[in-house]
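A.B. asks: Each chain is listed here by its residues.
2 protein chains.
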Amino acid sequence: MTHIPFATNFVEPAGSPIRELFPYLSRPGMISLAGGYPSPSLFDTEGLQEAAARALSGPGALQYGATEGLPALREALALLCGARGITCSPADLIVTTGSQQAFDLLLRIFIAPGDTVCVETPAYPAAIQALRLADAQILSAPVDEQGLDVEALAERLQRLPVAQRPKLLYTVPSFSNPCGTLLPAARREALVRLALEYGFLIVEDDPYGELAFTDERPASLYAVGQRIAAEANPVLYLSSLSKTVAPGLRIGWMIAPADVLRRCVVAKQTMDLCTSPLAQQIAAEYLGAGRYPAGVERACAEYKKRMLALSSGLRAGLGSNIAFVQPQGGMFIWARVAVPVDAKRLFEAAVQCGVLYVPGAAFYPENPDLGTLRLSYAAPDVEQIREGVARLTKAFDQASTS
Amino acid sequence: MTHIPFATNFVEPAGSPIRELFPYLSRPGMISLAGGYPSPSLFDTEGLQEAAARALSGPGALQYGATEGLPALREALALLCGARGITCSPADLIVTTGSQQAFDLLLRIFIAPGDTVCVETPAYPAAIQALRLADAQILSAPVDEQGLDVEALAERLQRLPVAQRPKLLYTVPSFSNPCGTLLPAARREALVRLALEYGFLIVEDDPYGELAFTDERPASLYAVGQRIAAEANPVLYLSSLSKTVAPGLRIGWMIAPADVLRRCVVAKQTMDLCTSPLAQQIAAEYLGAGRYPAGVERACAEYKKRMLALSSGLRAGLGSNIAFVQPQGGMFIWARVAVPVDAKRLFEAAVQCGVLYVPGAAFYPENPDLGTLRLSYAAPDVEQIREGVARLTKAFDQASTS
Numbered sequence: 000m001t002h003i004p005f006a007t008n009f010v011e012p013a014g015s016p017i018r019e020l021f022p023y024l025s026r027p028g029m030i031s032l033a034g035g036y037p038s039p040s041l042f043d044t045e046g047l048q049e050a051a052a053r054a055l056s057g058p059g060a061l062q063y064g065a066t067e068g069l070p071a072l073r074e075a076l077a078l079l080c081g082a083r084g085i086t087c088s089p090a091d092l093i094v095t096t097g098s099q100q101a102f103d104l105l106l107r108i109f110i111a112p113g114d115t116v117c118v119e120t121p122a123y124p125a126a127i128q129a130l131r132l133a134d135a136q137i138l139s140a141p142v143d144e145q146g147l148d149v150e151a152l153a154e155r156l157q158r159l160p161v162a163q164r165p166k167l168l169y170t171v172p173s174f175s176n177p178c179g180t181l182l183p184a185a186r187r188e189a190l191v192r193l194a195l196e197y198g199f200l201i202v203e204d205d206p207y208g209e210l211a212f213t214d215e216r217p218a219s220l221y222a223v224g225q226r227i228a229a230e231a232n233p234v235l236y237l238s239s240l241s242k243t244v245a246p247g248l249r250i251g252w253m254i255a256p257a258d259v260l261r262r263c264v265v266a267k268q269t270m271d272l273c274t275s276p277l278a279q280q281i282a283a284e285y286l287g288a289g290r291y292p293a294g295v296e297r298a299c300a301e302y303k304k305r306m307l308a309l310s311s312g313l314r315a316g317l318g319s320n321i322a323f324v325q326p327q328g329g330m331f332i333w334a335r336v337a338v339p340v341d342a343k344r345l346f347e348a349a350v351q352c353g354v355l356y357v358p359g360a361a362f363y364p365e366n367p368d369l370g371t372l373r374l375s376y377a378a379p380d381v382e383q384i385r386e387g388v389a390r391l392t393k394a395f396d397q398a399s400t401s
Numbered sequence: 000m001t002h003i004p005f006a007t008n009f010v011e012p013a014g015s016p017i018r019e020l021f022p023y024l025s026r027p028g029m030i031s032l033a034g035g036y037p038s039p040s041l042f043d044t045e046g047l048q049e050a051a052a053r054a055l056s057g058p059g060a061l062q063y064g065a066t067e068g069l070p071a072l073r074e075a076l077a078l079l080c081g082a083r084g085i086t087c088s089p090a091d092l093i094v095t096t097g098s099q100q101a102f103d104l105l106l107r108i109f110i111a112p113g114d115t116v117c118v119e120t121p122a123y124p125a126a127i128q129a130l131r132l133a134d135a136q137i138l139s140a141p142v143d144e145q146g147l148d149v150e151a152l153a154e155r156l157q158r159l160p161v162a163q164r165p166k167l168l169y170t171v172p173s174f175s176n177p178c179g180t181l182l183p184a185a186r187r188e189a190l191v192r193l194a195l196e197y198g199f200l201i202v203e204d205d206p207y208g209e210l211a212f213t214d215e216r217p218a219s220l221y222a223v224g225q226r227i228a229a230e231a232n233p234v235l236y237l238s239s240l241s242k243t244v245a246p247g248l249r250i251g252w253m254i255a256p257a258d259v260l261r262r263c264v265v266a267k268q269t270m271d272l273c274t275s276p277l278a279q280q281i282a283a284e285y286l287g288a289g290r291y292p293a294g295v296e297r298a299c300a301e302y303k304k305r306m307l308a309l310s311s312g313l314r315a316g317l318g319s320n321i322a323f324v325q326p327q328g329g330m331f332i333w334a335r336v337a338v339p340v341d342a343k344r345l346f347e348a349a350v351q352c353g354v355l356y357v358p359g360a361a362f363y364p365e366n367p368d369l370g371t372l373r374l375s376y377a378a379p380d381v382e383q384i385r386e387g388v389a390r391l392t393k394a395f396d397q398a399s400t401s
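Going down the list, the sequences are from chains A and B. At position 355 of the first sequence (counting the first as 1) the number is 354 in numbering that gives the first Met the number 0, and the numbers step up by one without a gap. At position 192 of the second sequence (counting the first as 1) the number is 191 in numbering that gives the first Met the number 0, and the numbers step up by one without a gap.
These are calculated hints, taken from the structure and not from any lab test. Where a beta carbon is used, it is the ideal one built from N, C-alpha and C, also for glycine. You may find that some hints are simply not true.
[To be verified] Chain A is faced by these chain B residues, among others (derived, beta-carbon under 8 Å):
no., residue
1, A6
2, Y36
3, L248
4, D258
[Stated by the list, open to error] Covered stretches of chain B, going by a simulated chain A footprint (3 or more residues, C-beta under 8 Å):
no., segment
5, 45-54
6, 90-100
7, 125-134
8, 264-273
Only chain A is shown next, with the shape it has when bound in the complex:
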């Protein structure tokens, strides 16, 4: 115990609501539909072993590196962005320790206590947590089955006093966490125009965009911003290798204007000096070896199979007791209980029956919809998903009748 007073936000800090589920995970036989972990069966261990051996044959992987990232990796990531329809050069991006760090950097350089940040709600809990610790004023933007409801946001912004207008808006437009929704092209353009009209920056977080189950792949918000506004593009683009290669690398990146990147680099110098050059060099070698596209293709096929198992299982087992939109990509099904069941009781029954999910409250900065839950199909295999759904069905029965 220390006697030195903590800063206000750390006197009684709430930890991650998802990480609080960890103790349940270690129960024998538990099936988890909770975490956002990619499937270990999809890790290209052989490719990464080869990449590591190559990375360690030169000296660069072991020394300090430039805060901006290793030139070889920045080049490889710029090429990867090109394949996603984003025109950028290595100088337009910096490497970050996961895209989580990129968001944290943006909050540091832009947000003073009380500044407003708009966030699609429900939202990624670590983004909400970062906003809380930054003392940001959180403005919730509503979503529907197609993602961020841009019209509703426009109305909300119109009513807002100028001093409360957001500086940033955080969104995961492609296969969002937790909703799994894909923002249609028309809404993307409308959102970019809204940012230009109201003078905020869009933080487009895109870890899942390539994990698509259909051919519907609207251009990224960043690309839309380039097209509409060119140099005045209001979109900052974040992405990560965590969902498509391996989270263990902790390699993310951010595309932003030079003045933003320069300040992020200053902040990053005091945070971790640079992202592990060893992990960076391994990532660069891996991307350079050309194994990435096949890995993504494998992931899409496998996740689609698992998503279909979970969707059809839920429909068969729970029928009209639960409502959800079948996702077109990503890792998550966002469901709403359609009958009166106490959320706490349902979760306890599920744990009892040996299946875990994330209660939806974790994804709301305020006024949670307690009837919601996030189910991930990424980590369990089809067999486990079937058994998980059976257990969830049993839990539903128990919670409804008890």
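Given the structure of chain A, go ahead and fit chain B onto it with the hints provided.
C.D. replies: Just chain B now, kept in the frame of chain A:
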């Protein structure tokens, strides 16, 4: 260019004064006595290749890991601390993305704008920069040839209004950056007692402690704190594998009381979720293989040889024009120009002559002593050091006579 206003501290942020020297480094033939980079010739590439191969043979290195760090690495680091005379269990420490991140975490959880942090001066520039960005009030603690002048600090604290007393004190007691000094045992005890008396925490940053050239190895401040105050130990211990294994891993760690660690974990969740599990697993395998002690021994021998080359070279070439204390370990010689020479002119002449050092101003939060310079003997070999000193001597002549 973005039109969104930056947070106050990022409107015109100063970058790292050391990193500003980078452009000079790429000049052909330049000899650098500037950086704090370890010698690449000391990297145990073979040992790290083996460690990487083993790390990638299991699944743990590629998945997300606990924010606290991988259990295997926490165990290995607790053992390493044991060898340094610090009694701790794996639960007493967390892994950080370099020890730089540990300091940043401590500032986040303890320091509100205006809170006072005491820092030995001259000090590590990235620590000063982190304090500036955290809006801390910086209280300079004077140093002499033996490191932090605890008596002078005590006098300063006595005169200080209670409201301005520091919450934290940052020090590198063993082979400090930039001074290379080793704080004697008596001063260590006095400093710990001062912390207990005035109610501040000591942040003991110890990246260089094992790089000793003599047998004088006083107990760490942390161990002194354990002995004097047991559970009320006012010392937080930071260290890193950057100087003894390889900076490219970005593996640091922090020992602190449970309530401090818990809050650092919450802050780290929003910063980078976890330190690269791949780098962590490689570090754990490397430490587990038992190659660490021999690597440190090699480093001590090599750095001592280089230090002696630089010391004797400076004495022979510059004589009474320069004053310095020969270091007993670490990577740096801190020197003071003993004759009137314009600092800017000297630096320009040195660059002209093809040798680089860090002008001392970089190490002061305020009122820099412009007659100081930091010379590192870690990266250049003995031959380069000799040539570097010859060039510095020439630069001195040019700057004094012009």
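A.B. asks: Hint by hint, note whether the structure agrees.
C.D. replies: Hint-by-hint comparison with the structure:
no. : hint    : verdict
1   : A6      : holds, 5 Å
2   : Y36     : holds, 6 Å
3   : L248    : holds, 6 Å
4   : D258    : holds, 6 Å
5   : 45-54   : holds (count 4)
6   : 90-100  : holds (count 4)
7   : 125-134 : holds (count 4)
8   : 264-273 : holds (count 9)
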